[in-house]
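The listed protein sequences derive, respectively, from chains A and B.
To convert, note that position 22 of the first sequence is 23 in the working numbering; the numbers rise steadily by one, no gaps.
To convert, note that position 111 of the second sequence is 116 in the working numbering; the numbers rise steadily by one, no gaps.
Keep in mind that the hints were calculated from the coordinates and are not lab data.
Any given hint might turn out to be false.
As the list claims (entries may be wrong) - One side only, chain B facing chain A, incomplete, derived with CB under 10 Å:
1. D11
2. A22
3. L24
4. L32
5. S40
6. H43
7. W71
8. F79
9. L81
10. V86
11. Y111
What the hints assert, rightly or not - Counterexamples of contact, computed for chain B against chain A with all Cβ distances above 12 Å:
12. L18
13. I62
14. A68
Every residue, glycine too, gets a C-beta built ideally from N, C-alpha and C.
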Amino acid sequence: MTVEPAATRLRHQVPLMLWLVVVWMLLWGTWSWANLLSGLVVAFVLLVLLPLPHVVGGTRVRPLPLLVFLGHFLADLVVSGAEVAWEALRPGGLRNTAIVQVQLRVDSDLLLTMVAEATSLVPGSLVLDLDREGRVMTLHVLPARDLADVERKRSHVLVVEQRLVRAFGSAEDLAALERVTRVEAP
Amino acid sequence: MTAVADVIAAVCLLAGAALCLTAGLGLVRFPDVLSRMHAGTKPQVLGVLLVMVGAAIRLEGWANAWMLLLVAAFQLLTAPVSAHLISRVAYRRRHVRRDLLLVDEYGGGGHEDLRHHGDEPGDAPPRPDSAGPR
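Let the hints inform the model, and build the full structure from the sequences given.
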């Protein structure tokens with residue numbers, strides 16, 4: 002582990018500190034200077050006592066692709082939620098399931114985490130394993146009707162990945178993704 | 006205006022509660038841990054979100070709404086983590102109904118325990134090579 006200047010370390014902790022202060026204020030539910038100051042003190046103490054490694058690589062947020070991602074995500078949540086709920090209710094019990102590996106294309110800790118979170122939150126897919134080196138994500142998918150269905154779910158993960166990179170990825174991430182997709186689909 | 010808000014809140018609360026009910030049913034009806042994690046974490050996330058929206062409409066006042074927003078955010082952040090950890094352990098302990106798997110590309114993930122059979126579900130059909138412990 003490399004020792005970095007205190008200023009850099011502090012700068013990387015700023016977003017985390019802001020988040021902690023926001024959580025503190027939301028928990029109190031009201032805006033006041035006393036809440037803000039006590040929140041800053043609590044966040045500072047937490048960051049000093051329980052230091053976290055900072056996230057490597059800058060991330061930018063693009064509002065429009067973010068909205069696209071969120072819209073699709075909510076739609077997926079509803080559609081697959083209904084699908085899994087139906088599997089729980091339907092007479093005759095559960096049909097087949099499948100364990101599938103997906104080769105992801107992004108190469109950033111933060112984006113991989115986001116893809117795994119988004120995949121895991123949508124009903125019908127559960128992340129069993131994420132191989133950081135090979136960028137391979139292993140999923141358990143719930144209603145797997147046939148092999149075509151499995152393939153559809155596999156490609157859906159890649160679509161989610163693409164939307165996330167468009168919303169949060171750096172320019173290099175985006176360029177790398179475009180390159181790979183062009184090779185795959187000539 | 007309040008009547009419309011009340012109807013929306015009621016629909017959200019009822020739909021959320023129904024989804025949580027299907028989550029409970031899935032826990033009982035699904036055959037193995039992996040499938041049960043789907044039931045326990047997924048429809049329930051949407052269910053909790055809907056209940057939060059309904060409650061936020063019904064309980065006026067921003068203090069409550071902020072609190073509910075936090076509940077929803079932490080629900081979204083933590084549900085996948087617990088589901089992942091539990092199902093990973095279950096897979097390694099072989100608590101999987103392999104006969105229901107259409108495809109298994111993981112193949113034990115290199116952690117397959119060849120000596121012990123692990124916690125295979127009691128209702129799984131016998132393994133073809135289960136002539137006793139090797």
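Against the structure, the hints come out as follows:
The criterion of a C-beta within 10 Å of any C-beta in chain A is not met by D11 (chain B), whose closest approach is roughly 22 Å, and the hint is violated. Interface hint status for A22 (chain B): violated, as the beta-carbon distance to the closest one in chain A is roughly 12 Å, over 10 Å. About 6 Å separates the beta-carbon of L24 (chain B) from the nearest beta-carbon of chain A, less than 10 Å, and the hint is met. At about 8 Å, the closest approach between the beta carbon of L32 (chain B) and any beta carbon in chain A falls short of 10 Å, and the interface hint on this residue holds.
Checking S40 (chain B) against chain A: minimum C-beta separation of about 6 Å stays under 10 Å; hint holds. The beta carbon of H43 (chain B) comes within 5 Å of a beta carbon in chain A, closer than 10 Å, and the hint placing it at the interface holds. Hint status for W71 (chain B): holds, given a least beta-carbon distance of 4 Å to chain A, under 10 Å. Nearest Cβ of chain A to the Cβ of F79 (chain B): about 9 Å, under the 10 Å cut. The hint holds.
For L81 (chain B), the interface hint holds, the least distance from its beta-carbon to any beta-carbon of chain A being 6 Å, beneath 10 Å. Against a cut-off of 10 Å between C-beta atoms, the interface hint on V86 (chain B) holds, since the closest Cβ of chain A lies about 8 Å away. For Y111 (chain B), the suggested interface contact is upheld, since its CB lies about 5 Å from the closest CB of chain A, less than 10 Å. Under the 12 Å C-beta cut-off, the non-interface status given to L18 (chain B) relative to chain A holds; the minimum distance is some 16 Å.
Separation of I62 (chain B) from chain A is adequate, the least Cβ-Cβ distance of about 17 Å exceeding the 12 Å criterion. Once the 12 Å rule is applied to beta carbons, A68 (chain B) is inconsistent with being away from chain A; the minimum gap is 3 Å.
Consistency note: the structure conflicts with the earlier hints numbered 1, 2, 14.
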